[in-house]
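Protein chains: 4
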Amino acid sequence: MALPAPLHGVIPPVCTPLGPRGEIDTASLARLVDHLIDGGVHGLFALGSTSEVAYLTDAQRGTALETVLKAADGRVPVLAGVIDTTTPRVLDHARTAAALGADALVATAPFYTRTHPREIAAHFRHLRTAVDLPLFAYDIPVAVHSKLSPSLVRELAEDGTLAGLKDSSGDEGSLRRLIVELGGRTARHTGPAPGFTVLTGSELTVDAALLAGADGVVPGLGNVDPAAYVRLYDAGRSGDWEQAAAEQERLVGLFSMVDAGPEAEMGRSSSALGAFKAALHLLGVIDGGTTAFPQRPLSEEAAAEVGRRLSAAGLPPVR
Amino acid sequence: MALPAPLHGVIPPVCTPLGPRGEIDTASLARLVDHLIDGGVHGLFALGSTSEVAYLTDAQRGTALETVLKAADGRVPVLAGVIDTTTPRVLDHARTAAALGADALVATAPFYTRTHPREIAAHFRHLRTAVDLPLFAYDIPVAVHSKLSPSLVRELAEDGTLAGLKDSSGDEGSLRRLIVELGGRTARHTGPAPGFTVLTGSELTVDAALLAGADGVVPGLGNVDPAAYVRLYDAGRSGDWEQAAAEQERLVGLFSMVDAGPEAEMGRSSSALGAFKAALHLLGVIDGGTTAFPQRPLSEEAAAEVGRRLSAAGLPPVR
Amino acid sequence: MALPAPLHGVIPPVCTPLGPRGEIDTASLARLVDHLIDGGVHGLFALGSTSEVAYLTDAQRGTALETVLKAADGRVPVLAGVIDTTTPRVLDHARTAAALGADALVATAPFYTRTHPREIAAHFRHLRTAVDLPLFAYDIPVAVHSKLSPSLVRELAEDGTLAGLKDSSGDEGSLRRLIVELGGRTARHTGPAPGFTVLTGSELTVDAALLAGADGVVPGLGNVDPAAYVRLYDAGRSGDWEQAAAEQERLVGLFSMVDAGPEAEMGRSSSALGAFKAALHLLGVIDGGTTAFPQRPLSEEAAAEVGRRLSAAGLPPVR
Amino acid sequence: MALPAPLHGVIPPVCTPLGPRGEIDTASLARLVDHLIDGGVHGLFALGSTSEVAYLTDAQRGTALETVLKAADGRVPVLAGVIDTTTPRVLDHARTAAALGADALVATAPFYTRTHPREIAAHFRHLRTAVDLPLFAYDIPVAVHSKLSPSLVRELAEDGTLAGLKDSSGDEGSLRRLIVELGGRTARHTGPAPGFTVLTGSELTVDAALLAGADGVVPGLGNVDPAAYVRLYDAGRSGDWEQAAAEQERLVGLFSMVDAGPEAEMGRSSSALGAFKAALHLLGVIDGGTTAFPQRPLSEEAAAEVGRRLSAAGLPPVR
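Protein chains in written order, with numbering that gives the first Met the number 0: chain A, 0 to 318; chain B, 0 to 318; chain C, 0 to 318; chain D, 0 to 318.
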């Protein structure tokens, strides 16, 4: 389907349910897609960091994307992450995603290597030229260990290389500078890069991002409670910022589930993904909370704590 | 004077005007204090990072603080930075600040050393016990290379060690989590740490911080245009978030003056402080734009660029 | 072929010559293998960072490894890098490498993700169990952004998970601590992990690593002048440390070719790999100095500078 | 006393014994100086990081330096650390050190601030001009969060700004490049900066640094066992590298005392300094093992472990 320009709203990074041996649980994944679309989301981001893309083999990535596309069935656009170290490897994923029918691509800067900003620009330009799909830059320094500067993003927005930015840098000041440089919150879409989409990946400050002029959000926690992010988005869209902030506060409280797994015993990524999956399991959306190897699983105690936090947020577990 | 609890509003980190040989220009500093108070600010933060405190000798720190206190003359409360590597050295500054009449102290975590979170907690507790003034924690990882966790701040807020937090971490998600844990944006001051003050040092996202429940802001750019930050604060306070965001956007545009000094030739700190001081000079508030050694001065060309950005923001230079 | 335990000597990380369109130049690669073996090296490390493995597609990785194995033809053992983000993806590469006939595997800690040390241990243990080949840990924080602690490596050495360590951390103090904990420079191979191999990737301090008790070296610059590293190794092996240090000094001088590409215009990785390939081209070993996209190529001027440094080191270009 | 050029040998960073209330124990400090000089050291570095300089007030710094100078009584040269955030503050310390009779100054790059390399160069040049004492650059990125590049050090060595470098960067490859650029291990003192002193602060790889051409070492552990570092130095000086490596190995084993304090409960700095002081106490050199606030003290159990490691290294506790 044609991608709106700008793309707006809530576009969750879809989790990848796994079976006990680490295989993709496609039935659960299809149910998760329904859960999200039923919650009112405006698009889906498959194969993002929250999908555990870094743990999925190429075959599994294909299965996951295919499942999401089939389950979405054109009801909302599907963006596909093409996460790999450098351009030639990303291209392989991009071609697969295009062949499977993704509506847009989402690529990070190169990682593992050390890459100059001019090389990063060339990376995005080459991807855009080689595969005929809208391209989003995924700014995620915690994973790739470099930051896309506002001036670089602006350059690639204005020359048409990028259709949008998914900003998971946590650097809200830089994001604000970018938005202002592109025309500002009310005038950006009549500015030098009119259809350019700005999505924040900072799920705890979505009200702020919308107030600043972002078009939408890619919230990991949106897997668990998509409807709440849609209410938050709608409140912001209608200018009811007090309501938006109240919804955001509730979601910040819910987000504390990521602390259920003890920091001394597992990585932060493991505890956050484990909590989201435990919650989806407890809510009856997916069949099990397995995370990909070598992430440590949540203990039963930690999963029970996730359940208590769901209940506290008005989302009582069904099992 | 007694410090309001919570302290709220705009509390700029006061720049320190210097003469051509690096000496403190007390006449200019007094005029700057008037400029800020005339702009409507609610307090002053002397000897913060923006004051170039790291470049001031102990004698100069005394002169600067004394000048600010005398010029403020009780019209607004004055917080004093007590920036040094560890507790014993910070204590020396704290005692001086108390003797000079500061209304509160602002201390960072230890730096130069590597310090465990339990040691950081002991640091703040000892400072609070040893000097009888309200104590603010100054979270500034870019300078001290460690981050105060929300749980640590919460512990020190609830036990009365800290009167407040000045958050210059840029980590808006963590700040949001802290605010929610302390009761949330509307209920925080009836929560477990009722008078605890939350100030953001992120001058580009003040509307967002206020919407999230922060009590105020400590904006370096507030030296140049204090009235605009006051308008922004008032708009937020009254719930007019569209107006707050519009004011913020204008200030983001003005902030671009920090790019006037070329990155290849000077540190970011030098170019930002140089731009603020050049602006204050051009606006007739202070007599010269000298920054402390060994920071490189702005070129004439860069200073002229600062002037153009002032004009573009409706603040025409008077010289 | 069976891998010696410990593996010792000079095991260069083989560069991957590329044609003008980025395709692998297998004829040049085979000549490079001969150049290295003629230089007296004791093994080859294919698909290491210096091979530009992060830029090679899976198909290209297969071609490169196959070419190296075929050209080596059993004359020296061939270690194969299996570089990818996490265990499931690394396993795919490991199975391919085993099928192609590699003599050992070299794997990093997970990257892109944030991974707990217990998860990193599980990662290596699973790889060792799943593929029946000796496994080397590749400690390269500059690429994966975490450091393998000496205690973790020791644990995995003593329980037989790891056959060896390739240490590119640059942390010589930690390496020394590991060696001492495993029995020390003279007694290590009768200690708790008798055949455990310690290889340094720090090509500028090989004499020091050998003196400390390392078994060998994996020098990127060894592509250009393998015989010199063999002389250095032999000098150390025979206890002639003055001679070893003199050889090392000459190689430090030669290494300065990596500065030929200007830092302001290209990444450090690009300038180093570009210099090594330019040197191999000028020496007549490979047909062209192309580096993988999106790395910027060396300018003609920079390549000429590489040639001058070759001449200065007694390796006159042949073209 | 006139400083040799180059300065060579073992120059320990003198610990600062403290009484139970954190006051400087000058009697213990004088005994420590005797312990070091009796051990054969070639100089003393007062007010280095190991002295807990970052925890000492200005008054205490004066007391510590005065005590060291008086106790040394001209038997060996005394270098004085002048550790503070920027040039103006460092200058205050430098003038005090000069007045007290220090033989040389040791200054880091600015910290807390972000400082451009050209500003760092100006910092050292101004210090050298303003105070007439030989000046050493102290490269310690773990504390100041920037690294002095070999090219910057070389520039300041060749123009006479710096008398030497104390390299605590742990980057042995860069140190090697610097030494080679200055003429190499055997020819450096007839090169472009003939008397320039290179000291390593990497106490676990001293044999390697000497082999590479360093003039000496500044070992924290040298407080505990100065004679062993002198033996190590002498072995290297006489070209007996096997003996040097054997001494180094023994010292690496002894160094493991820094792990006696559990990482989960205290900072690394606290556990290392606590171990050195506990060792000096157990050896009867100083009266107590107190470390400066807010560092956590070693537990009795940890101190007992330090004692066991002393015994294992042939240094039986006397209490």
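Treat the hints as calculated values from the structure; they're not laboratory data.
Being a predicted model, the structure only gives us computed values, none of them experimental.
Treat the hints loosely; a few may be bogus.
Pairs count within a copy or across copies, as identical chains cannot be separated in the list.
No farther apart than 20 Å at their CA atoms in a straight line, the calculated lysine to aspartate or glutamate pairs in the EDC-like style are these [stated by the list, open to error]: (1) K146 - D258; (2) K146 - E262; (3) K146 - D239; (4) K146 - E241; (5) K69 - E22; (6) K146 - D57; (7) K69 - D24; (8) K69 - E264; (9) K69 - D239; (10) K146 - E264.
Going through the hints against the structure:
no.	hint	result
1	K146 - D258	between (26 Å within a copy, 18 Å between copies)
2	K146 - E262	between (26 Å within a copy, 16 Å between copies)
3	K146 - D239	neither (32 Å within a copy, 33 Å between copies)
4	K146 - E241	neither (32 Å within a copy, 29 Å between copies)
5	K69 - E22	within (18 Å within a copy, 35 Å between copies)
6	K146 - D57	neither (26 Å within a copy, 27 Å between copies)
7	K69 - D24	within (14 Å within a copy, 41 Å between copies)
8	K69 - E264	neither (38 Å within a copy, 45 Å between copies)
9	K69 - D239	neither (36 Å within a copy, 44 Å between copies)
10	K146 - E264	between (29 Å within a copy, 17 Å between copies)
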